[in-house]
Each structure stands twice: as structure tokens, then as C-alpha cells.
Amino acid sequence: MALFNTSSDLSTTFYFIGVPGYEALHHWISIPFCILYVVGIVGNCTILHIVRTDPSLHEPMYYFLAMLSLTDMGMSLPTLVSLLRVLWSISREIEFNTCVIQMFFIHTFSLTESGVLLAMAFDRYVAICLPLRYPTILTPQRITKIGIAAFLRSSLSIIPLMIRLAYFPFCRSHVLSHSYCLHQDMIRLACADIKFNVIYGLVLITVVWGFDSLGILVSYIFILRSVLSIASQKERLKALNTCASHICAVLILYVPMIGLSLVSRFAKHAFPLVHIFMAHIYLLVPPVLNPVIYSVKTKQIRTRIIRLFVPSRIHSTQGRSC
1 MALFNTSSDL STTFYFIGVP GYEALHHWIS IPFCILYVVG IVGNCTILHI VRTDPSLHEP
61 MYYFLAMLSL TDMGMSLPTL VSLLRVLWSI SREIEFNTCV IQMFFIHTFS LTESGVLLAM
121 AFDRYVAICL PLRYPTILTP QRITKIGIAA FLRSSLSIIP LMIRLAYFPF CRSHVLSHSY
181 CLHQDMIRLA CADIKFNVIY GLVLITVVWG FDSLGILVSY IFILRSVLSI ASQKERLKAL
241 NTCASHICAV LILYVPMIGL SLVSRFAKHA FPLVHIFMAH IYLLVPPVLN PVIYSVKTKQ
301 IRTRIIRLFV PSRIHSTQGR SC
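UniProt numbering numbers the first residue of the sequence shown as 1 and each following residue consecutively.
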């Protein structure tokens, strides 16, 4: 029995488009995608392992970094199987129920990541502006509540859109524009009044992104004001350097996200490759780049990664030679 769509048996199966015009090259196109997925999975799992096993990293900043890795994987992993099934010519089909579940996880974790970035901005504000109160404000219990709240805010706000989809008849083409399911892509195929979904989705994105981005901006205004009051230029640069990784993480989430939204809403008749390119950047860039950025910019993470992958024998040899 179908869990969601019961309007018509013809509406239960949808088809992914892959990369139109390049079907003969799908196997070759799958190679860079596989590399990106492997890099993203290995990088984020490494961050999670290091934070979990190293007691010296059991601090608010690294707890939030672990949350960021979880949301990155939650946003990209649901698309892995469907993308590879299309590119490896296994199957282009997806059932409606599976499509809705995939869509739910993609959009939920996308909004959750925005909330986590807001929490990380607050973490940097407290660490720089209120350093003496840092351990008492961001306790492990409070950090856990922040993570749960970010996830519940996103998942509960997405549910009304998923429920509405259950009652839409899909009598037009069942061919989706990507290799995975997106809400804005599916509602175009519905033979019904989609005004609620369009307006609600636009309001939801505007409110969530607007609130989170405003919170991040306000946090950095206070951080900048506090940093400029520091007499030593060296200390100023040191304080700002602790924010560099977070600023990069904000940009690599918001820029592709805004780009995809603009293309989906205002460039509907653009070349299909533009939509496909933007959609995959939106899903793959943050999971791939975030671990790289934090590994390069954060000394503690970089040191633990070197110890994890470079045999200890090399370190001991280097120590004796010095």
C-alpha cells in the first residue's frame, strides 16, 4: 500500500533525466561524481572520528563541527544511490514514496545546516567577546539542545510540503530534471493548484535563511567590534583567523543554495545543463569542501589527521632526526 500518493496508479513512478545529450558518456561522468562522494564521505567521517576519539577536542567549537559534518552527509548521501543508478544505466525509475523520502532528507538537512552555521557563529561570538563565560554558556547539554532544535525546526517545517504532495495528481510528464528529487522540481509536474507549495516554500526559505543569515551577520558585527578594540595587531589577526573557516563554510552553503533557488525560479527555460550543474554544486560542494577547509585552517584538526593517516614510526623518526 502506498504511503503517500494514492490519487492515481499512474503517478507512482518518476524518471530521472541524468545529463541530457551526454547519455553515451554517463559512465565517464560518473567518475568525478564518485570521487567527490568518496572525498566527502571520507573527509566528514574522519572529522567525526577525530572529534569523538580525541578528548582534547571535546569543546563546543568541535562539537558544532561534528554537527556540520553530520548535516553535510545527511544532505548528500540520500542522492548517492539514485545518481549512480542513472549514470551506470541501472535504472532511471524511482517510486513516489522513495522520492518524497529522499526529498525530505535533502531539504531538511539543507535547512539544518543553515541552523548549525548560525550556532557556530554564536560560538565564535561567545569565544571572542565573552571568553570567560564560554564554558558556562556553551555547555554540552546546551549544545545538544541546539542541535536537536535545528533539526526539529527544519524537519517540522518541511512536513506540510510533503503532505501536500501526497494529494497532487501527476498527469503530465513524470520526468524529473535532476538525478534526485527536489520539491521545486516535482511540483511543476503536478496537475493541481500548487500555489500553497510555491508560496509556503518561498516564505519558508526566506524566513529560515533570512533569520540565520541575519543572526550570522549580527554575530560578526559584534565580533569585529570586539576584535578592533584589541591593541595588538597580532592578536587581532589570531582572533579573526579562528573565524575564517566558518566564514568559508557559510559562503559555500549559501552561494550555491541561493544560485539554485534563483535558477529554479527565474531561469526555468535556461539550458538544462545549467540546472543540473547548479543542483549538483548545491549538494556536493559543502560536504567536499568543509572537511578540507577545517583541516587546512584548524591546527588541532590538521594535527590529528596527520597523526591518523601518517604512521607513528615516521613521527618518531623525524623526532630523533631533529
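Hints may be right or wrong, so weigh each one.
Said to hold, decoys possible - Here are the computed lysine-lysine pairs in the DSSO-like style, where the Cα-Cα straight-line distance is at most 27 angstroms:
(1) Lys238 x Lys299
(2) Lys234 x Lys299
(3) Lys234 x Lys297
(4) Lys238 x Lys297
I should point out that these hints are in silico values taken from the structure, not numbers from a laboratory.
Please read these numbers as outputs of a predicted model, since none were measured by experiment.
Hints, one by one, checked against the model:
no. : hint            : in the structure
1   : Lys238 x Lys299 : 12 angstroms, holds
2   : Lys234 x Lys299 : 17 angstroms, holds
3   : Lys234 x Lys297 : 17 angstroms, holds
4   : Lys238 x Lys297 : 12 angstroms, holds
The structure is consistent with each of the numbered hints, conforming to all of them.
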